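J.: With our numbering applied, the sequence shown corresponds to residues 1 to 384, in that order.
Among these hints, one or two may not hold up.
[Said to hold, decoys possible] The calculated lysine-lysine pairs, modelled on DSBU-like cross-linking and capped at a C-alpha distance of 35 angstroms, are: (1) K6 with K327; (2) K218 with K378; (3) K126 with K81; (4) K49 with K63; (5) K6 with K378; (6) K3 with K292; (7) K49 with K327; (8) K218 with K3; (9) K292 with K218; (10) K49 with K81; (11) K81 with K63; (12) K292 with K6; (13) K126 with K49; (14) K63 with K126; (15) K90 with K126; (16) K90 with K63; (17) K378 with K292; (18) K81 with K327; (19) K90 with K327.
These are calculated hints, taken from the structure and not from any lab test.
None of these values were measured; they are calculated from a predicted model.
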Amino acid sequence: MLKLTKGILLDTLRDFEAVFWPLVFPIILFFILVSVFGGMGTSNPIRFKLGIFQRTQLAGFGKILENVIEQIQPDPFHVVKYEDLSRALKDLQSDRIQLLLEIPDSFNVDLTRAILTSGRSNVSLKVHFLSGKMESETAATILQTILSTLNVEIFRRARPGNFTEVNFQLSTVSKPNAHSFHYATYLFPGILLMAIMSFGFFHLPLWLVFNRTSGLNKRLYASSVTPFESLLSLVFAQLIVMSISCLLIYTFGYFVYNVSRSIFSWNFILTLLFSMLVSLSMGLFLVCLFPKPASAVVSGQVLYQIMMFVGGLYFPVLRYNVPSFLKYFALALPSTHLAELLRGALGHSVYNLPIWQMWSIPALWLIASVVLFLIRFKWVMGYE
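Whole structure, please, built from the sequences with the hints as guidance.
T.: See below:
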């Protein structure tokens with residue numbers, strides 16, 4: 001079996017396409033995407049979730065602020081009101097909201113004094129945002145710009161020479177174990193998944209289909225090699241080449257783009273190994289359904305593209321205003337959850353999915369694919 005594994009491995013490495021697409025192309029794509037999108041941040045969603053904590057009801061001149069808040073809904077802000085400040089801050093830390101506006105209990109009085117009296121008044125609003133989170137920092141900047149219209153209203157209504165600006169107090173809230181955003185680190189899991197999926201969706205099913213249709217399996221079984229040993233040899237060879245591909249991407253990402261050292265954590269590495277198994281199981285799934293080389297290639301290519309783009313390997317698809325059916329479809333894909341698991345280990349989670357869901361969906365795909373393959377084992381391995 002070891003000799004067969006060595007033979008498959010050498011045959012794979014001698015093939016230009018087998019070397020270029022999973023080993024060289026991911027590094028080229030990594031370079032292109034980071035070069036083009038490296039300065040953009042995570043995503044630019046159209047709508048932010050804004051939490052509002054009011055210590056008092058807005059009345060009198062305070063209605064000016066209420067009118068401004070009404071104008072910013074539903075775009076670019078979706079407003080969520082809170083009655084408890086600690087709960088609002090927890091939601092901000094857990095990314096349930098991107099921003100928190102705290103309106104002090106003296107706001108109505110301070111604003112009235114600033115407009116009607118000649119004395120100076122400290123009119124202030126407190127804006128809480130999540131430090132190190134590009135989306136939250138962007139939302140804070142946008143909100144400050146919008147709320148600056150309050151100063152225009154105060155200037156218009158105040159007595160001559162009695163203009164007092166609203167003071168915006170920015171308060172940074174730290175997320176537990178937070179990491180500053182780094183696009184190369186965010187993209188790194190997607191590049192790894194793209195590389196290992198190319199083995200699962202192309203190399204493994206094509207080997208199995210070719211060996212069966214060409215009659216190679218029957219010649220192998222005439223020797224001391226059993227179908228199970230033949231399959232294990234192929235899987236081991238694919239895992240070795242997958243590891244080489246990941247090692248090259250690791251080297252390029254760490255030394256060229258300074259991705260986070262968390263890529264060497266056990267959590268990240270174990271998740272990556274799990275992703276390899278899921279990818280190979282998807283190859284077994286394909287070969288059970290598509291018996292001919294041409295159909296295996298086409299189906300593998302279609303599924304590969306879907307996993308990459310709908311699965312959000314490069315861009316956070318679920319953060320955009322996509323149709324509901326597409327969101328459910330993306331959540332059913334294993335690549336969506338594997339990418340989120342890997343990004344979560346690096347501190348760049350974007351979807352905030354339950355941890356049990358991120359492990360269970362890929363695991364269900366793996367189990368279902370293996371069960372289907374075992375049912376079709378003799379046919380797939382040409383052992384009938």
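J.: Just to be careful, I want the Cα atoms of K126 and K81 compared with a cutoff of 35 angstroms; is the pair within it?
T.: Cα-Cα ~15 angstroms, so holds.
J.: For the pair supplied as a hint, K378 and K292, confirm whether the alpha-carbon distance does not exceed 35 angstroms.
T.: holds, 16 angstroms
J.: Tell me if the straight-line CA distance from K90 to K327 falls inside 35 angstroms.
T.: holds, 26 angstroms
J.: Going straight from one Cα to the other, do K292 and K218 come out at no more than 35 angstroms?
T.: holds, 17 angstroms
J.: Given the hinted pair K218 and K3, is their Cα-Cα distance within 35 angstroms?
T.: Measuring from Cα to Cα gives roughly 18 angstroms; hence the hint holds.
J.: Are the Cα atoms of K81 and K327 separated by 35 angstroms or less?
T.: Holds, at roughly 26 angstroms.
J.: Hint check: K6 vs K378, CA-CA at most 35 angstroms. Holds or violated?
T.: holds, 24 angstroms
J.: Given the proposed pairing of K3 with K292, does the C-alpha separation stay at or below 35 angstroms?
T.: holds, 28 angstroms
J.: Does the structure keep K49 and K63 at a Cα separation of 35 angstroms or less?
T.: holds, 22 angstroms
J.: Would you check the hint for K292 and K6, treating anything up to 35 angstroms between C-alpha atoms as holding?
T.: holds, 26 angstroms
J.: Against the 35 angstroms threshold, does the CA-CA distance of K90 and K63 hold or violate the hint?
T.: Holds, at about 28 angstroms.
J.: Take a quick look at whether K63 and K126 sit within 35 angstroms of each other, Cα to Cα.
T.: holds, 17 angstroms
Of the numbered hints listed earlier, the single one contradicted by the structure is hint 1.
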